[in-house]
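Going down the list, the protein sequences come from chains A and B.
When we follow our numbering, the leftmost residue of the first sequence carries the number 1, and every step to the right adds one.
When we follow our numbering, the leftmost residue of the second sequence carries the number 249, and every step to the right adds one.
No wet-lab data here; the hints were simulated from the structure.
One thing to keep in mind: the hints can contain errors.
Said to hold, decoys possible - Pulled from the structure, derived: some chain A residues nowhere near chain B, Cβ distances all over 10 Å:
no.: 1; residue: Glu68
no.: 2; residue: Asp109
no.: 3; residue: Gly127
no.: 4; residue: Arg185
no.: 5; residue: Met189
Said to hold, decoys possible - Label pairs and their computed distance ranges (CB to CB):
no.: 6; chain 1: B; residue 1: Gly428; chain 2: A; residue 2: Val206; range: 36 to 44 Å
no.: 7; chain 1: B; residue 1: His486; chain 2: A; residue 2: Lys246; range: 24 to 32 Å
no.: 8; chain 1: A; residue 1: Lys16; chain 2: B; residue 2: Gln352; range: 41 to 49 Å
no.: 9; chain 1: B; residue 1: Asn446; chain 2: A; residue 2: Lys16; range: 34 to 42 Å
no.: 10; chain 1: B; residue 1: Val457; chain 2: A; residue 2: Asn209; range: 32 to 40 Å
no.: 11; chain 1: A; residue 1: Lys246; chain 2: B; residue 2: Asn484; range: 26 to 34 Å
None of the values given here were measured: they were computed from a predicted structure.
Yeah, the Cβ is synthetic: ideal placement off N, Cα and C, and Gly gets one too.
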Amino acid sequence: MKILVCISHVPDTTSKINFVNGDTEFDTNGVQYVINPNDEFGLTRAIWFQEQQGANVTVVNVGGADAEATLRKALAIGANEAIRVNATPTDGFFVAKQLAEVAKSGGYDLIICGRESLDYNGGMVPGMLASLLDYNFVNSCTELTVDGSSAKAAREIDGGKETISAALPLVIGGQKGLVEEKDLRIPNMRGIMTARTKVLTVLEPVASNNNTKAVKFEKPAPKSAVKLFAADDLDGLVNALHNEAKVI
Amino acid sequence: MEQVPCTAESPAEGNAQKIKNIMSILIYAESADGKFKKVAFELASYAKTVADSLGTNVTAVTVNADNVSDLSKYGVSKVLKVSNDKLKNFNAKAYADVVKQAAQKESAKLILLSSTTDSLYLAPIVSIGLDAGFASNVVGLPVSTSPFQVKRNAFSNKAFNITEINTDVKVLSLAKNSYGLVENAASLAEEAFSPSLNDADFNVKVESVEKTTGKVTIADADIVVSGGRGLKGPENWHLLEDLAASLGAATACSKPVSDLGWRPHSEHVGQTGKPVAANLYVAVGISGAIQHIAGINSSKVKVVINTDADAPFFKVADYGIVGDALEILPRLTQKIKEFKAHNS
Numbered sequence: 001m002k003i004l005v006c007i008s009h010v011p012d013t014t015s016k017i018n019f020v021n022g023d024t025e026f027d028t029n030g031v032q033y034v035i036n037p038n039d040e041f042g043l044t045r046a047i048w049f050q051e052q053q054g055a056n057v058t059v060v061n062v063g064g065a066d067a068e069a070t071l072r073k074a075l076a077i078g079a080n081e082a083i084r085v086n087a088t089p090t091d092g093f094f095v096a097k098q099l100a101e102v103a104k105s106g107g108y109d110l111i112i113c114g115r116e117s118l119d120y121n122g123g124m125v126p127g128m129l130a131s132l133l134d135y136n137f138v139n140s141c142t143e144l145t146v147d148g149s150s151a152k153a154a155r156e157i158d159g160g161k162e163t164i165s166a167a168l169p170l171v172i173g174g175q176k177g178l179v180e181e182k183d184l185r186i187p188n189m190r191g192i193m194t195a196r197t198k199v200l201t202v203l204e205p206v207a208s209n210n211n212t213k214a215v216k217f218e219k220p221a222p223k224s225a226v227k228l229f230a231a232d233d234l235d236g237l238v239n240a241l242h243n244e245a246k247v248i
Numbered sequence: 249m250e251q252v253p254c255t256a257e258s259p260a261e262g263n264a265q266k267i268k269n270i271m272s273i274l275i276y277a278e279s280a281d282g283k284f285k286k287v288a289f290e291l292a293s294y295a296k297t298v299a300d301s302l303g304t305n306v307t308a309v310t311v312n313a314d315n316v317s318d319l320s321k322y323g324v325s326k327v328l329k330v331s332n333d334k335l336k337n338f339n340a341k342a343y344a345d346v347v348k349q350a351a352q353k354e355s356a357k358l359i360l361l362s363s364t365t366d367s368l369y370l371a372p373i374v375s376i377g378l379d380a381g382f383a384s385n386v387v388g389l390p391v392s393t394s395p396f397q398v399k400r401n402a403f404s405n406k407a408f409n410i411t412e413i414n415t416d417v418k419v420l421s422l423a424k425n426s427y428g429l430v431e432n433a434a435s436l437a438e439e440a441f442s443p444s445l446n447d448a449d450f451n452v453k454v455e456s457v458e459k460t461t462g463k464v465t466i467a468d469a470d471i472v473v474s475g476g477r478g479l480k481g482p483e484n485w486h487l488l489e490d491l492a493a494s495l496g497a498a499t500a501c502s503k504p505v506s507d508l509g510w511r512p513h514s515e516h517v518g519q520t521g522k523p524v525a526a527n528l529y530v531a532v533g534i535s536g537a538i539q540h541i542a543g544i545n546s547s548k549v550k551v552v553i554n555t556d557a558d559a560p561f562f563k564v565a566d567y568g569i570v571g572d573a574l575e576i577l578p579r580l581t582q583k584i585k586e587f588k589a590h591n592s
């Protein structure tokens, strides 16, 4: 089984979010980048398939040279090889289009994406990619097993879960549940050393339409200070929720 | 000239006229067990306002909904009603095909969806099917209609992003609770619609569905009451459940609580858990780690109850009480019950 894991290189959650150039660009200054958390659950599941079922795992990112550190981390965790499509992602469609090219030429059986990335929160790449490839697609995927050419998956739904079966090739939009948080791996020294010699291929992007573009960013208005009530003034709280906030 | 609230320059008169003529609007009004979800009415309300500003009407497509007349209260003037047993269980590809064919039938240029798990599954597939640019997480009326620009949540609610869509057909998904319900009665035309579905639409098979019944789900809830380690143990959870019951709220928990196994993972809210965009979020004994806040921050009003006055949650909350959750919860439940008794 050949698995492609799509990795977004995103600011760590604790990063300060600021913008530059007249609020048209994200300020990368001092920002720590990580593997997008939803992608990390998928990557760890892919490594499980590699160890248990002999799968070959390729990780791919659409991004600039700075994203290679994130790809090397994925290699250190255990991916067999990496691909970087050398482009600044302009929107979800652009990324899906690039990934579709990589997927087509690589003949992957299983393509694992994260349900959504931490930066733009678009949640659109997995579904667009599956549609461009005309592969089966399971979003919000929380469990995945593969037996031969068929997969069983669970999908989170509002208020429960669905059990799904689908033939490979399959694209998933994965999230927590594929593996648990405690199963996520920190690269060890041996992994880091081996990762240095693994193949990281850089591909040039294919042409894509600019369907959408981010023209500007804004930060929310600063929040007013919390209104505190004494522990014996619950009437005050109930009154505020009713008359002021009007939520009860 | 009618105009969507606009911070950019007004489009030229001729241009606006052109947009008015072409931009018909289709919404996918989501239902469960035949009944519309509240987000379907919110979406209709939003669509109606956009339609009025463009001088057009709102058409809705529904799948196995029993009674579609409620949509007209929120401004929908035409419904394409799909009834098909094959669509009993949600199936993204088949439903996307339904929405796509409805859009093509109506020559819709703007296709609007909600942000439920199912609709978020659908929207990207619809956008590829229609060669449409897609913006998700949209939080307000278009900033401008020419060029077409919308404001959306990004960076886990730490910023907004103005996105411009350049394609002729456009797909938007509206963030939950970002617009609200606006009644705006329209007269409704119903039309049975039978899109052609093919076998390939059902290649992804739903084998079984497990759904909790009789409980308010986190996704549908207007109010969410959430507990953290401050509740000291699963044996105290009934205190939180009592408060939730008094408010008609869903219960949720912080990540440490689900990691400790006090509560199931399905109740974990936060960045890697479920997102919450409620009217009221009550955090009890939750310190407010940045990952937790990222997941719940689009809730409108936030209340925190915590013994530690320096807990980070107090920085993002609207109302707070410094105190012991176990002592406060029963009294607060009692107060809410009294309040409800007087105000119902």
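**OP:** Hint by hint, work out which the structure violates, then give me just those numbers in ascending order.
**Re:** 3, 9
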